[in-house]
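From first to last, the protein sequence lines stand for chains A and B.
FYI, the numbering used here numbers position 213 of the first sequence as 213, with every residue one higher than the one before it.
FYI, the numbering used here numbers position 40 of the second sequence as 40, with every residue one higher than the one before it.
Just so you know, these hints were derived from the structure itself, not from any lab.
Certain hints may be false.
Unchecked claim - Cut-off 27 Å, straight-line C-alpha distance, at most; resulting in silico cross-link-like pairs (BS3-like, lysine-lysine):
#1 K215/A x K240/A
#2 K241/A x K104/B
#3 K138/A x K265/A
#4 K80/B x K101/A
#5 K80/B x K7/B
#6 K34/A x K16/A
#7 K98/B x K241/A
#8 K101/A x K89/B
#9 K138/A x K16/A
#10 K101/A x K92/B
#11 K12/A x K34/A
#12 K57/B x K240/A
#13 K24/A x K138/A
#14 K57/B x K24/B
#15 K265/A x K143/A
#16 K233/A x K265/A
#17 K98/B x K233/A
#18 K101/A x K7/B
#19 K101/B x K240/A
#20 K57/B x K241/A
#21 K98/B x K57/B
#22 K101/B x K233/A
#23 K104/B x K16/A
#24 K104/B x K233/A
#25 K101/A x K73/A
#26 K265/A x K126/A
#27 K12/A x K101/B
#28 K12/A x K104/B
#29 K241/A x K101/B
#30 K265/A x K12/A
#31 K240/A x K104/B
As a plain string of letters, each chain reads:
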Amino acid sequence: MEMAYYPGCTLKTNAKSFEDSAIKAFRHIGIELKELEKWYCCGTVYSIAQDNLMYRLASIRNLIRAKEEGFDKLVTLCSICYNTLKQANLMARNDAESMSKINAFMDEEPDYGGEVEVIHPLQILKERMWEIRSMVKKPLNKKYAAYYGCLLLRPAEVSIDEHENPRIMEELIEALGGEAVNFPLKNECCGSYNVVANREAVIEANYRIITNARKNGADVIVTSCPLCYFNLKDMQRVVKKFYPDFVELPVQYFTELMVEAFEVKQ
Amino acid sequence: MNWLLDKVEELSGENLYACYQCGKCSAGCPMVEQMDLLPNQVILHVIRGNEEVVDAKTPWVCAQCYQCGVRCPKEVDITKIMEALRLIKLRKNVNHIKLEKVRKNLPQIAVVSATRKYTG
Numbered sequence: 001m002e003m004a005y006y007p008g009c010t011l012k013t014n015a016k017s018f019e020d021s022a023i024k025a026f027r028h029i030g031i032e033l034k035e036l037e038k039w040y041c042c043g044t045v046y047s048i049a050q051d052n053l054m055y056r057l058a059s060i061r062n063l064i065r066a067k068e069e070g071f072d073k074l075v076t077l078c079s080i081c082y083n084t085l086k087q088a089n090l091m092a093r094n095d096a097e098s099m100s101k102i103n104a105f106m107d108e109e110p111d112y113g114g115e116v117e118v119i120h121p122l123q124i125l126k127e128r129m130w131e132i133r134s135m136v137k138k139p140l141n142k143k144y145a146a147y148y149g150c151l152l153l154r155p156a157e158v159s160i161d162e163h164e165n166p167r168i169m170e171e172l173i174e175a176l177g178g179e180a181v182n183f184p185l186k187n188e189c190c191g192s193y194n195v196v197a198n199r200e201a202v203i204e205a206n207y208r209i210i211t212n213a214r215k216n217g218a219d220v221i222v223t224s225c226p227l228c229y230f231n232l233k234d235m236q237r238v239v240k241k242f243y244p245d246f247v248e249l250p251v252q253y254f255t256e257l258m259v260e261a262f263e264v265k266q
Numbered sequence: 001m002n003w004l005l006d007k008v009e010e011l012s013g014e015n016l017y018a019c020y021q022c023g024k025c026s027a028g029c030p031m032v033e034q035m036d037l038l039p040n041q042v043i044l045h046v047i048r049g050n051e052e053v054v055d056a057k058t059p060w061v062c063a064q065c066y067q068c069g070v071r072c073p074k075e076v077d078i079t080k081i082m083e084a085l086r087l088i089k090l091r092k093n094v095n096h097i098k099l100e101k102v103r104k105n106l107p108q109i110a111v112v113s114a115t116r117k118y119t120g
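The following block holds chain A by itself, in its conformation from the complex:
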């Protein structure tokens, strides 16, 4: 089965390992992630000001590209792209007034009304846990803390699971043979783009989240967001300078666990 895939900016650079592992893992379970022929940055953060439709145009254009290529579903790996495209798509479906302005403004584009469905790969996996279980060749043998962060879960109307206590990633970890540990900070924010202007906020969040995962027995933190990955993994060496007692913890994308457990060849 072929599904339209929207990469977003960071999947082609810092998060290349996320894209590579996702394409391999999904091919292994029979889903070909077909990259859109044309795509643009989604805008990263969904514009929540009532009067700012301009910042939502990029997301809508991407959804139009998917529709033009004949797809009714659009898969995106990055949590931030997922959130931004999904919220823009909800606006396209529910807010006719804003959409009439956007459609009139983008008169070079065909009108859009939310026909494409934005989905996150974890939602696809949820329907196929039995199949995933049967494909495991080398069961995971570590303890994992599933970290969702904010944008897979909030606002509630775009959540991929129950937003206060999601279970999808834990189910996947268990299906792959690993042990999912209890992790109370799984839906806390990592500090997000504060890393640009206020690193202290990210250092504090990193210390709190990693230490909590470790105290709950985790060997690895699992994520689905390139920015969480950067803030939780790359920032650990900075955190270590501020907190001498800090013990580092590996961070992996959920798709990397799939590749490991399925023993997918190159």
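Keeping the supplied structure of chain A fixed, place chain B upon it in accordance with the hints.
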């Protein structure tokens, strides 16, 4: 007349008077340790028309994670109120960061987000 309240309500689309100051937003905010005003205090300042709130650190520390909004028992989306306060400044052409001072080697996702949130 309280221009600040009017402007925040216009930009956010939220009813600030719905807030009954229970503090659940502040209790759950993952960035609260970095803030000079608690999110519920920000609402109070806007309602009272205290214009200094526009210069507070709080809206700039908010990472738009939506935790406050999904937990609010009165369904006030505080995330949008923080955005409104940021925009009141940004729309006067006052950028919160100097782009030339941004560290190298950050992922694009961080830089693009920060540009959207911290510059007008």
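Hint by hint, here is what the structure shows:
1. K215/A x K240/A: Since the Cα atoms of K215/A and K240/A sit roughly 17 Å apart, the hinted pair holds (cutoff 27 Å).
2. K241/A x K104/B: Judged against 27 Å, a Cα distance of about 19 Å means the pair holds.
3. K138/A x K265/A: 13 Å, holds
4. K80/B x K101/A: 22 Å, holds
5. K80/B x K7/B: 12 Å, holds
6. K34/A x K16/A: 16 Å, holds
7. K98/B x K241/A: 26 Å, holds
8. K101/A x K89/B: Distance ~26 Å between K101/A and K89/B Cα, so the pair holds.
9. K138/A x K16/A: Holds: K138/A and K16/A sit about 24 Å apart, inside 27 Å.
10. K101/A x K92/B: Distance ~25 Å between K101/A and K92/B Cα, so the pair holds.
11. K12/A x K34/A: 15 Å, holds
12. K57/B x K240/A: 26 Å, holds
13. K24/A x K138/A: With a Cα-Cα distance of about 16 Å, the restraint between K24/A and K138/A holds, given a limit of 27 Å.
14. K57/B x K24/B: 20 Å, holds
15. K265/A x K143/A: 24 Å, holds
16. K233/A x K265/A: 26 Å, holds
17. K98/B x K233/A: 26 Å, holds
18. K101/A x K7/B: 22 Å, holds
19. K101/B x K240/A: 24 Å, holds
20. K57/B x K241/A: Holds, at about 25 Å.
21. K98/B x K57/B: 17 Å, holds
22. K101/B x K233/A: 23 Å, holds
23. K104/B x K16/A: 18 Å, holds
24. K104/B x K233/A: Cα-Cα ~17 Å, so holds.
25. K101/A x K73/A: Distance of about 24 Å is within 27 Å: holds.
26. K265/A x K126/A: With Cα atoms ~24 Å apart, K265/A and K126/A stay inside 27 Å; holds.
27. K12/A x K101/B: Satisfied, since the Cα-Cα distance of roughly 24 Å is no more than 27 Å.
28. K12/A x K104/B: 17 Å, holds
29. K241/A x K101/B: Given that 27 Å is the threshold and the Cα spacing comes to 22 Å, the pair holds.
30. K265/A x K12/A: 21 Å, holds
31. K240/A x K104/B: 20 Å, holds
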